[in-house]
Amino acid sequence: MSRKENILSKPTLETGADEDQLLRVSLGPQHPSTHGVFRMNVALDGETVVSLKPVFGYLHRNHEKIAENIPYLGSMPYTDRLDYLCPLTNNHAYALAVEKLGGIEVPERAEYIRIITSELTRVMNHTVFMGFFLGDLGAWGSALMYAFREREKLFDLFEELTGARMMTNYMRFGGCRNDLPAGWIKKARTFVDGYDAFLDEMESLIVGNEILLARTQNIGQISKERMINAGITGPMLRAAGVPYDIRKVDAYGIYDRFDFKIPYGENGDCYDRMMIRFLEMRESLKILKQAIADIPEGDFVNPKVKSAKFKAKPGEAYGRIEGPKGELGFHLISDGGVNPYRYHVRPPSFVNLTLIEDMCLGLDLADVVVILGSVDIVLGEVDR
Amino acid sequence: MNFLANQVDLSNAVDAPAIWTTLEALPQLPNRLVEWVGFQMNAPAWLATLLGMLVSAAVVVGVFLTCFALVSLVERKTLARIQNRYGPNRVGPWGLFQPVADGIKMLTKEDIVPDKAEKLLHLIAPIMIVIPAVLALGVLPYGKEWVPVNLELGLLFFFAVGAMTELSVFIAGWASGSKFPMLGSLRAISQMVSYELPLLISAIGVIMMTGSMSLPSIVEHQSQYNFGFISNWNIFTPWGLVGGIVFFIACIAEANRCPFDLPEGESEIVAGHMTEYSGFKYALFFMGEYLGLFAISGLFITLFLGGWSAPFAGLEFVPSWLWFFGKLVCVIMTMLWIRGTWMRVRMDQLMRFCWLFLIPLSLLTIPAAGIWRFCGDGFLAGLLGWGVTIPFLIIPYIIITVILNRRLAPATRQYHFAE
Amino acid sequence: MESSANTENATASKPPAEQKWILPGWGLYQGLVVTAKNFIQSYYKKDRLTTVQYPEERAPISPNFRNFPFLVHDGDDADAGLRCTACSICEKSCPPQCIYIVLDRDENGKSKKRPKVFEIDLSVCMNCGICAEVCPFDSIYMDNEFELSKDDRFGDMLYGLDRLVKSTDYHAKIRPEQAAAVAASRKAAAEKKEAAAKAKAERLKKKAEEAKLKKEQEEKGGDAQDDADGTPTPPSEKGDTK
Amino acid sequence: MSIIVEEIVCQLSKDLPNVEVMYLENPSPSEQHSILVESDDLVEVMTYLRDSSGLEFDYLSNLSGVDWPNADVAQKVAIEKSEAESEEGTESQSTDGFLEVVYHLYSMARKEGPLVLRARTQDRGENNSIASVTPVYRSAEFQEREAFDLFGIDFTGHPDLRRILMWDEYEDFPMRKDYVNPDDYEYEPTPHADTLKRAEVHYPQEEPEPVESKDKR
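Protein chains in written order, with the numbering used here: chain A, 1 to 384; chain B, 1 to 419; chain C, 1 to 242; chain D, 1 to 217.
Everything labelled a hint here was simulated from the structure, so no lab data went into it.
Each hint should be verified, as a subset may be incorrect.
[Said to hold, decoys possible] Under the rule of at most 27 angstroms between Cα atoms (straight-line distance), these lysine-lysine pairs were calculated in the DSS-like manner:
#1 K306(A) - K192(C)
#2 K112(C) - K193(C)
#3 K187(A) - K45(C)
#4 K187(C) - K112(C)
#5 K193(C) - K306(A)
#6 K116(B) - K53(A)
#7 K215(C) - K187(A)
#8 K37(C) - K77(B)
#9 K311(A) - K177(D)
#10 K105(B) - K112(C)
#11 K53(A) - K105(B)
#12 K92(C) - K306(A)
#13 K37(C) - K153(A)
#14 K177(D) - K313(A)
#15 K193(C) - K206(C)
#16 K200(C) - K212(C)
#17 K112(C) - K198(C)
#18 K77(B) - K153(A)
#19 K111(D) - K224(A)
#20 K113(C) - K309(A)
#21 K46(C) - K77(B)
#22 K113(C) - K45(C)
#23 K77(B) - K119(B)
#24 K119(B) - K105(B)
#25 K109(B) - K192(C)
#26 K193(C) - K304(A)
#27 K186(A) - K45(C)
#28 K153(A) - K46(C)
#29 K205(C) - K193(C)
#30 K153(A) - K193(C)
#31 K187(C) - K304(A)
#32 K313(A) - K186(A)
#33 K187(A) - K92(C)
#34 K113(C) - K306(A)
#35 K248(A) - K177(D)
#36 K192(C) - K304(A)
#37 K309(A) - K92(C)
#38 K214(C) - K198(C)
#39 K92(C) - K313(A)
#40 K304(A) - K92(C)
I would like the entire structure built from these sequences, with the hints used as guidance.
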C-alpha cells in the first residue's frame, strides 16, 4: 500500500506534469496475455501505470441484433459463444430468462441436470482460470496444461451429454434437449470424486508459492463499497468481503435444496480472488455430489413447451444466474412475435472491467497483466 | 572360472582404460591432426600456432552449436513431460531432427525490419550477442587437457566479456524503435548489471581459496580428494554452499531464465528486446542466449562443482570432459525444472532480492572463506571450520531474511464461509 | 448466519505464511515436487500423459457427438428415397441461415415435394443441431464426420444434395439408437398413413361418385356451373404435411 | 425476495414531491413491473433509492437501451406480419418514437430485487438525451457507453462518453430498429439469394462462382 501511495503522490497524468516523459504503450490487441483481442492504452512513468484506458470491440458481432432477427431458440447456440469457456451456464441463464418471460415450469429432473452441468462448468472455468492466471504470472504453462488435462475429461462428459465439447446448445425452454445418456451419472461421479485430489495437487503447486504470494498479495485491492457501486460480481466481489451469491440470493432452480456455503475473503486482492475460486470449486464439488446422489427420474423437458415455436406474451423479463465469472443476466422484451423484440445480455466480464483502471493505477506493467488475469474475462462475452 | 576371470581381468586392465584414454584425448584430435600435418609439411611455427588456435576455436563452436541444437530439443521435451505432453516427436526418431527443421524454418522466414528501426544497429545487435558468449566459452576448462585458451586471468576475462551481452541487448531494444523492446532492454540492463555483483562477489571466495584467477587451476584445486574419496569441490564447504547457491541464482538471472526472465517476460512485454526480430536474426538471439547459458553454467560448474573432476575417487577413469558435460546437463535440467514450475518475479522484487538478499549473503562468503582457509586441512580442522563458519553464515542469514526482508513476508489470510 | 473459519479446518489450503517462516522457500519446493512427480509419472502413467497421437491414434467418438448435418434417404436410390420434402422449416429455423432450399416443380409449376437444390454452407454452419431437431420428416440428422478440410474455402464447403444425402444404413451406423427409434416411429406412421390413405381413397371415391352424380344431374338440368373448389386435393399433399 | 413496486412508487412520490414517477405494469408472467422516471429526475431518484435506509438499492445490475420506433413504422411492421389487417393502420397516428433505458436495480444489503426503472428520451432524433447515472452507480459507466454506441442515446453528465464496441469513426447506431445492414461486407459466395444479389451489385466482377456451382447439377 505504501508503495502505491508513494507513487501516486508523484506528479501524474492527471496533474498535467511530466506528460512528455510518459511512455504510451498499447497493450494489445495482439498481446500474449490480454486473453483475446483486448486492448489497454497504458501511459507509463518508467514502468508505473499512470493511466489506463481499456478499448473493446475487436470481437464485436452484435449478438443482440442477431438475436432480434431470429426466433427465441435460435439464440441458444449463440449464447454458447458468449463466454466460450463456460457455455452451459450461458445456456442456463438464457433458458431461465425465457422461462421467466413465458412463465414456463421446469421439471425436477431437468433442474437437477441443469445444476449438475452448471456446477461442472463452474469447476471447469475456475480450473482453467488457475492455468491462465499462472500463465499471466509467467509460469511456463505447467499449471495451464494440468488444467487443460482435467478440462478434457469434462469435455468428454459434455460431449457425451450434449454432442459437442464446447458449443453445447444444450438447454431448452422448460428443460434440456436430451436426457442423460446411460452411464453418464456414473462417469460424472467418478470425475467428481477424483477431483479433490487434483485440487490438492494444484494447491500445492500454486497456493504456497512465495513468488506467487509476493506477486499477488496486496495487488489490485478495491474496497467492497466501491466494488458494489461498480457492479462487480462473482469471485471478485466475494474476495473483497461481500458474501453475495445469486445461487443463494435468488435460489433459482433448486439451489435452495443443496447444502453449500459461500466463501468470501477480506482483502480483495488478486491472491484472494484466486483463493476464493479454489474454495468455490470445493463448494461446487459438494453441490455436485449431492445432486448426483439425489437426481430423480422423470421428464428432462417440459412436454408442453415447444422450444422451436416459442412465443411469449408482450412484456419483459430479466433473468440472471451466478455464472462462474459473476452475474450473467438476460433482459428480454417481447412484443408477442416469434422473435424477441429486445434481447440484452448483461455480461459479467464486461461490467467487471469497470474498475480496471482504478485497480492498476500506481502499479507496475507486470501487475496490470496479473490484475487483468484475476478479473477473469472472456472477450467473447465482453465484446458480444 | 579361470577363463572368465581372465576375461574380466583383461577387459578391466587393458581394454577399458584404452577406450577411456582414447575418449579422453578425443577433443584434442583435430589439434593433433593439425600439428601432425604442420610437422609433415614443415610449416612455420607461427602458422602452426595460428592454425591450432583456429582449430581449437572451431571445436568449441562446433561442440556448443551441437549442444545448442540438442538442448533446445531436450528443453522442449522436458518441459513437455513436466506438462504431461510428448513434446516434438514427429521430425525424425524421437523428434531428433526438430532442431534442423526449426533452423530451416528460421532461415527461410522473412526478415522484417521495422520502419522506425535504426537499420545498422538493428542488424549488429544479434551478431554482437553471439560473440561474447563464444569468447566466454573459450576460456573454460572442459577436460584435463581440453582448455581452448588457457588465460592466467581467465575468470576476469570471463566477466569482462560477459558484460558485453548487456550492451548488445540494449542496442537491440533501442534500435528496434518500438516500446516493448525498449522496456525489455531497460529491464535487461538493470537486471544484468545488478546480478553481476553477487556473481562476482561469490566468486571471490573461490579465488581466495585457490589463490589464482586461472580457471584450470581452480579446477585442479578442486580435483583432489578428502579422506581419499570425497571430492574437494567448493560446493561441499560451508562458504562454498552459500556462495554456490547465490552464484546459481545469479546465473539464472544472468541467463534471463525463469523466474528471472523479465527482459523477455512473455506475458508482459511480448518478447522484450527480441520483439521486433524475425527469421535468422531471431535465431541468432536465441543462439546467443543459449551459448550464454552454457557459458555461465560452465563457469558455475568450474567454480563450485569441480569442473571436469569426478565426484568420487574411483571414477576418475571416465574422461574428464564427460564429467563436465554431464554436470552441464544436470545444471541445465535443474534450470528447466525451475522454469516448468515457478512464475516470474516483478522488477522491484527482483531488485530487492538482489540487493537485500543475494549481495549481503555473497559478501558473507568472503570472510567465511577466510575463516575456512585459516582452519586448514585435515579432519579436525575441517570440523573446526564447519563449527565456526556455519554460525557465522546462519546468524547473519536469519538477520537478513527476518529483518531486512520482513516486508516481503506474505500475510496469513482468513477466509470466511457464509450460509 | 455467517460462520467464520480458518482456511485450515475448512479446506486443505494451507496458511502459507507460517510455512514461510518455518523454512523459507517451502512453497517453492512443494511446487518443484509436483512438477517432478508429473515429469516422472508421465513415463509410466497413462493419466499423466493424456496426449492422443492423432492421425495414428484416435480418441473414441461418443455416440451423441454431432458435427454437420446430412440428409437421409430410404432404400438404395438416393434420388427416389429422399425423405426431404423441401418444406424449408430447417431453412427458417437455422440460426446462421446456412441452408438454402429450392423446391422442385414440374412443368406446370406444381410442387414435386422434393428439393431441387438443397445446399448447406459448411463454412457458415455452426453445428447447433436445430435443423435436425425441428425437421418433421425425419430427414435431416447430424453427422459425426469431422475430417472435412478442403482446399477451396468457398466451393468445397458448399455441400449440395450429392454430398449431403446419405443412406439410412449410414445413419444406423453412426447413431444406432436414434436410427432404430426413427425407423420404428416411421413404420408406425406409415402403417397409420396407409390406413388413413385407404380410408381417404374410399372417401374420395365416394365423393367423386357423388360429384359425378351431381354433375349428371346438373347437366340434366342444363345449368352448368364450374366448381374449382370441388377438385379433389392430390392425396400426397395432405398426407405428407400430417 | 420479490418487492412490491407500487409501494416504492408511493414512497418515492411521498419523499420526493417534485419528482414525477409512473408505475408501469408488466403483463408478462415474470411480473417485473417497472417505474417510469423522467430523465431529469433520474439522478435524484437513483440517489434516493441507493441511500435511503429502507430501500438500499446499492447495486445497478443491468442497463439496457431499447428502441421504440415511430408509431407508424411500428404499424407498418405489424401489417406486413399479418396481412389480414386492413390499411387503416398506416393512416393512424404517427406519434414520435423514443429511446428507452431500462435499469435493473438490486439491493445487496437486503438481498432483494430486481427493481426495474425506465427512462425515455423525447424522440429518436435531436432530443435523445437522458441523464447519466454514472455518478450514482459506477457500474453504469461502460453500459451507458454501450447504449450510446449502439442506440445513440446521449447520456448527459457521463464522464467519458465515447463509442465502446464500434470504432470511433462509425456513424450509425446498429441496434436501432431502422438500421439498414450495409452491403459492402466482404464478398463470399452464399446460397442466399438476397445477400447474393446485394453482393453481386457491389462486386459485379466476382459474381459467377456460386451460380456455376448451382448450374453444375
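Here is what the structure says about each hint:
no.: 1; hint: K306(A) - K192(C); verdict: holds (24 angstroms)
no.: 2; hint: K112(C) - K193(C); verdict: holds (19 angstroms)
no.: 3; hint: K187(A) - K45(C); verdict: holds (20 angstroms)
no.: 4; hint: K187(C) - K112(C); verdict: holds (23 angstroms)
no.: 5; hint: K193(C) - K306(A); verdict: holds (24 angstroms)
no.: 6; hint: K116(B) - K53(A); verdict: holds (25 angstroms)
no.: 7; hint: K215(C) - K187(A); verdict: violated (72 angstroms)
no.: 8; hint: K37(C) - K77(B); verdict: holds (16 angstroms)
no.: 9; hint: K311(A) - K177(D); verdict: holds (20 angstroms)
no.: 10; hint: K105(B) - K112(C); verdict: violated (58 angstroms)
no.: 11; hint: K53(A) - K105(B); verdict: violated (38 angstroms)
no.: 12; hint: K92(C) - K306(A); verdict: holds (16 angstroms)
no.: 13; hint: K37(C) - K153(A); verdict: holds (20 angstroms)
no.: 14; hint: K177(D) - K313(A); verdict: holds (20 angstroms)
no.: 15; hint: K193(C) - K206(C); verdict: holds (19 angstroms)
no.: 16; hint: K200(C) - K212(C); verdict: holds (18 angstroms)
no.: 17; hint: K112(C) - K198(C); verdict: holds (22 angstroms)
no.: 18; hint: K77(B) - K153(A); verdict: holds (24 angstroms)
no.: 19; hint: K111(D) - K224(A); verdict: holds (16 angstroms)
no.: 20; hint: K113(C) - K309(A); verdict: holds (23 angstroms)
no.: 21; hint: K46(C) - K77(B); verdict: holds (17 angstroms)
no.: 22; hint: K113(C) - K45(C); verdict: violated (58 angstroms)
no.: 23; hint: K77(B) - K119(B); verdict: violated (36 angstroms)
no.: 24; hint: K119(B) - K105(B); verdict: holds (23 angstroms)
no.: 25; hint: K109(B) - K192(C); verdict: violated (69 angstroms)
no.: 26; hint: K193(C) - K304(A); verdict: holds (25 angstroms)
no.: 27; hint: K186(A) - K45(C); verdict: holds (23 angstroms)
no.: 28; hint: K153(A) - K46(C); verdict: holds (13 angstroms)
no.: 29; hint: K205(C) - K193(C); verdict: holds (18 angstroms)
no.: 30; hint: K153(A) - K193(C); verdict: violated (46 angstroms)
no.: 31; hint: K187(C) - K304(A); verdict: holds (25 angstroms)
no.: 32; hint: K313(A) - K186(A); verdict: violated (41 angstroms)
no.: 33; hint: K187(A) - K92(C); verdict: violated (38 angstroms)
no.: 34; hint: K113(C) - K306(A); verdict: holds (26 angstroms)
no.: 35; hint: K248(A) - K177(D); verdict: violated (38 angstroms)
no.: 36; hint: K192(C) - K304(A); verdict: holds (24 angstroms)
no.: 37; hint: K309(A) - K92(C); verdict: holds (12 angstroms)
no.: 38; hint: K214(C) - K198(C); verdict: holds (24 angstroms)
no.: 39; hint: K92(C) - K313(A); verdict: holds (22 angstroms)
no.: 40; hint: K304(A) - K92(C); verdict: holds (22 angstroms)
Figure legend: structure checked against the earlier numbered hints; hints not met, in rising order: 7, 10, 11, 22, 23, 25, 30, 32, 33 and 35.
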